[in-house]
Amino acid sequence: MSTNTITTQKVNFKVFRFNADEDYLPYYEDYSMDVTSEEVVLDILNRIKWDHDGSFSYRRSCRHGICGACAIKVNGRSTLACKESMTTMVEYFGNDLTIEPLSTKRAVKDMIIDKGDFWEKHAAVTPYLVADIDESPSCENLVSPQDAEELDEADLCIQCGACHYACPVVEINSDFFGPAAFAAAYRFEADVRDNDGQRLIDVNEEKQGVWDCVKCFECTEVCPKDINPFEKITKLHQMAFKKGVAKNNVATRHAVGFLHSIKKHGVLDEGGLVLYSEGPSIVKHIPVALQMFRKGKIVMPWNIQKSDNLDEIQKLIKSSSTVKF
Amino acid sequence: MKKLKYALFTGCTAKQSTPEQMMSTMAVAKKLNIELIELTEASCCGASHLQDYDDFLSLVLNARNIAYAEKHALTMVTICNTCQLNTAMTKHRLDRNPELKARVNEKLAEVGLEYKGTSNVIHFLYAIIDDFGLDKIKEMVVKPLSEFNIAPFYGCHNIRPSELHDESHQQKENPYNPNSLDDLIIACGGMNVDYEEKNKCCGFHVELQAPHTAAVLTGTAIAGATDQNADMMVTPCPLCHLKLDTQTKGASEAIGREVSLPVLHMQQMVGLALGCSPAELGLKHHVTDVNFV
Ligand code: SF4
Ligand code: SF4
Ligand code: SF4
Ligand code: SF4
Ligand code: FES
Numbered sequence: 315m316s317t318n319t320i321t322t323q324k325v326n327f328k329v330f331r332f333n334a335d336e337d338y339l340p341y342y343e344d345y346s347m348d349v350t351s352e353e354v355v356l357d358i359l360n361r362i363k364w365d366h367d368g369s370f371s372y373r374r375s376c377r378h379g380i381c382g383a384c385a386i387k388v389n390g391r392s393t394l395a396c397k398e399s400m401t402t403m404v405e406y407f408g409n410d411l412t413i414e415p416l417s418t419k420r421a422v423k424d425m426i427i428d429k430g431d432f433w434e435k436h437a438a439v440t441p442y443l444v445a446d447i448d449e450s451p452s453c454e455n456l457v458s459p460q461d462a463e464e465l466d467e468a469d470l471c472i473q474c475g476a477c478h479y480a481c482p483v484v485e486i487n488s489d490f491f492g493p494a495a496f497a498a499a500y501r502f503e504a505d506v507r508d509n510d511g512q513r514l515i516d517v518n519e520e521k522q523g524v525w526d527c528v529k530c531f532e533c534t535e536v537c538p539k540d541i542n543p544f545e546k547i548t549k550l551h552q553m554a555f556k557k558g559v560a561k562n563n564v565a566t567r568h569a570v571g572f573l574h575s576i577k578k579h580g581v582l583d584e585g586g587l588v589l590y591s592e593g594p595s596i597v598k599h600i601p602v603a604l605q606m607f608r609k610g611k612i613v614m615p616w617n618i619q620k621s622d623n624l625d626e627i628q629k630l631i632k633s634s635s636t637v638k639f
Numbered sequence: 002m003k004k005l006k007y008a009l010f011t012g013c014t015a016k017q018s019t020p021e022q023m024m025s026t027m028a029v030a031k032k033l034n035i036e037l038i039e040l041t042e043a044s045c046c047g048a049s050h051l052q053d054y055d056d057f058l059s060l061v062l063n064a065r066n067i068a069y070a071e072k073h074a075l076t077m078v079t080i081c082n083t084c085q086l087n088t089a090m091t092k093h094r095l096d097r098n099p100e101l102k103a104r105v106n107e108k109l110a111e112v113g114l115e116y117k118g119t120s121n122v123i124h125f126l127y128a129i130i131d132d133f134g135l136d137k138i139k140e141m142v143v144k145p146l147s148e149f150n151i152a153p154f155y156g157c158h159n160i161r162p163s164e165l166h167d168e169s170h171q172q173k174e175n176p177y178n179p180n181s182l183d184d185l186i187i188a189c190g191g192m193n194v195d196y197e198e199k200n201k202c203c204g205f206h207v208e209l210q211a212p213h214t215a216a217v218l219t220g221t222a223i224a225g226a227t228d229q230n231a232d233m234m235v236t237p238c239p240l241c242h243l244k245l246d247t248q249t250k251g252a253s254e255a256i257g258r259e260v261s262l263p264v265l266h267m268q269q270m271v272g273l274a275l276g277c278s279p280a281e282l283g284l285k286h287h288v289t290d291v292n293f294v
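Protein sequence lines, in the order shown, are assigned to chains V and S.
With my numbering, letter number 293 in the first sequence gets 607, and the count goes up by one each step, no holes.
With my numbering, letter number 22 in the second sequence gets 23, and the count goes up by one each step, no holes.
Derived by calculation from the structure, the hints in this document are not laboratory data.
Honestly, I wouldn't trust all of these hints.
Derived DSBU-like pairs (lysine-lysine); straight-line CA-CA distance at most 30 Å [claimed, not checked]:
no., chain 1, residue 1, chain 2, residue 2
1, V, Lys609, V, Lys561
2, S, Lys139, V, Lys324
3, S, Lys102, V, Lys609
4, S, Lys139, S, Lys3
5, S, Lys102, V, Lys620
6, S, Lys201, V, Lys419
7, V, Lys598, S, Lys16
8, S, Lys173, S, Lys4
9, S, Lys250, V, Lys419
10, S, Lys6, V, Lys620
11, V, Lys578, S, Lys72
12, V, Lys620, S, Lys16
13, V, Lys578, S, Lys117
14, V, Lys629, S, Lys102
15, S, Lys139, S, Lys201
16, S, Lys3, V, Lys620
17, V, Lys521, S, Lys32
18, S, Lys102, V, Lys557
19, S, Lys16, V, Lys577
20, S, Lys31, S, Lys173
21, V, Lys629, S, Lys16
22, S, Lys72, V, Lys629
23, V, Lys578, S, Lys102
24, S, Lys32, S, Lys6
25, S, Lys31, V, Lys609
26, V, Lys577, V, Lys557
27, V, Lys556, S, Lys102
28, S, Lys250, V, Lys521
29, V, Lys423, S, Lys285
30, S, Lys4, S, Lys137
Bear in mind the structure is a predicted one, so any value in this text is a computation, not a measurement.
Extracted from the complex, chain V is given alone in its bound form:
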């Protein structure tokens, strides 16, 4: 085992303060501290409370990355305070750090936020097993290791909300379920014991937007449990096609449209994809398309340079396709 020497460095903190009962506007308090390489972000929160201001408020319980209470933002990045080492934070952001709640607009008191929207969306995906349970079974109800693997660690989610409040779409579209709720939906959809049937249909409603994820990977980057919610969203898409609940709409046609294009040209036919996805609604794209045309940005279908060895691609599509729409 290597012996790590503990190092100390000065870090300047700008800390978000707000009491919804008393303050009209939030303000920031400055603290400078010597921080050791052994400390985690939660140690700093504790020191602010213990050494500087007893009224400073934040949530924490387990101190072991289990309860999910302590997620906050450091320089805008969602962070599980009891898990994230200060060394990493300084590596990421330097010695001037801004400490804020997960969502400043939802702040109640200092680091404490109203997580109501998070829980509402979580509850809406039926986040529990729906199954006919034999209440007096004669033997254990075993799940094979292969079947358990299907969950892909989605069951490790601690509902900390780090991903939810890092997701840009959550802030723009208040109906969007968000990465954590979708990961929870996946967790139960992927469970062989579950026979809900409705959950997958629900998340495929246009409003909740399982298809509106912008694929930015912000959620994946911040999840303290390495759950990769983005990947779970992808799997929900795949499930929707496999189980035949994918609706025929612009989002699903957009995904399938790639296949049609590749089959025909090897490469993408950009205009053809938009036409296939939108159908008659394509008219709304005409103004931009005209501008692009004038700038030489539109290639006519007959001028598309097909991939060489297109027959190989077509053969592979025939032999490797696993889904039908």
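For this one, chain V is given, so just place chain S with the ligands on it according to the hints.
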């Protein structure tokens, strides 16, 4: 220095809606004496959408593209963030999962190909920075962009997931404070602009199904750069470019503020600094006029 040589995966956009990106890639490669062998056999990577429909097929097609780079025994260079993501992600998954790799190779064998895992996949931005070298670029600059404040727009898929990035590129990129594009701007003599949206998403991938979300993200990014006095933006991704360059009307409407900035492809910026002509760099193919040259 030994001449740099790569297998070029152009992606589809460079051949259709962003011809200027193809032109400027070739112009810059010529200036830097980098040889690019175009993989004309390659198919579309699926743009992170095909996998939503058929994951296995997407893997097979991307593995086929990489197999052609391997045939040349060359590193594959991409010029699109999303091509980079899909191709490097395929490599990541196949290299880590022998069983999956075998299943994919079983299919590839039908067309006489094999995915071995011998070619690395990197974005051209990092080929320029890591392999060619910023210092050398600096020395070659003949028309420094010293009058301009340039806002880098990184685009998600070059920097996130950071795990994938760190695996395929020599230089680590801090996903919260990326610096490669900033460094390149400085090497070209420009002033790099720091703004909040530089590592955020432009919304391209939901343009059709969630136009409002996409437009707000695009608008906010251009507004962020404008508010920090940017004269122009620069991006390594043609998809980000399409959003920022061609969709300003919808973006302005969505955020309730008129926004518009010239947007350069990373290659065009380097090309300008190295003395390429606007024609060589295809500047006339932009919807938002590039009005400073
Ligand atoms: S990848 Fe999708 S769910 Fe995750 S943060 Fe981005 S938009 Fe939200
Ligand atoms: S998915 Fe990860 S980041 Fe999101 S709530 Fe669960 S544990 Fe937290
Ligand atoms: S990401 Fe876009 S440009 Fe790249 S190959 Fe896929 S469709 Fe073509
Ligand atoms: S920034 Fe835009 S184009 Fe780039 S990866 Fe994100 S959504 Fe895609
Ligand atoms: S205190 Fe429980 S997860 Fe941090």
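Task: Hints that the structure is at odds with (numbers, increasing) - done: The structure breaks hints 1, 2, 3, 16, 17 and 29; every other hint is satisfied.
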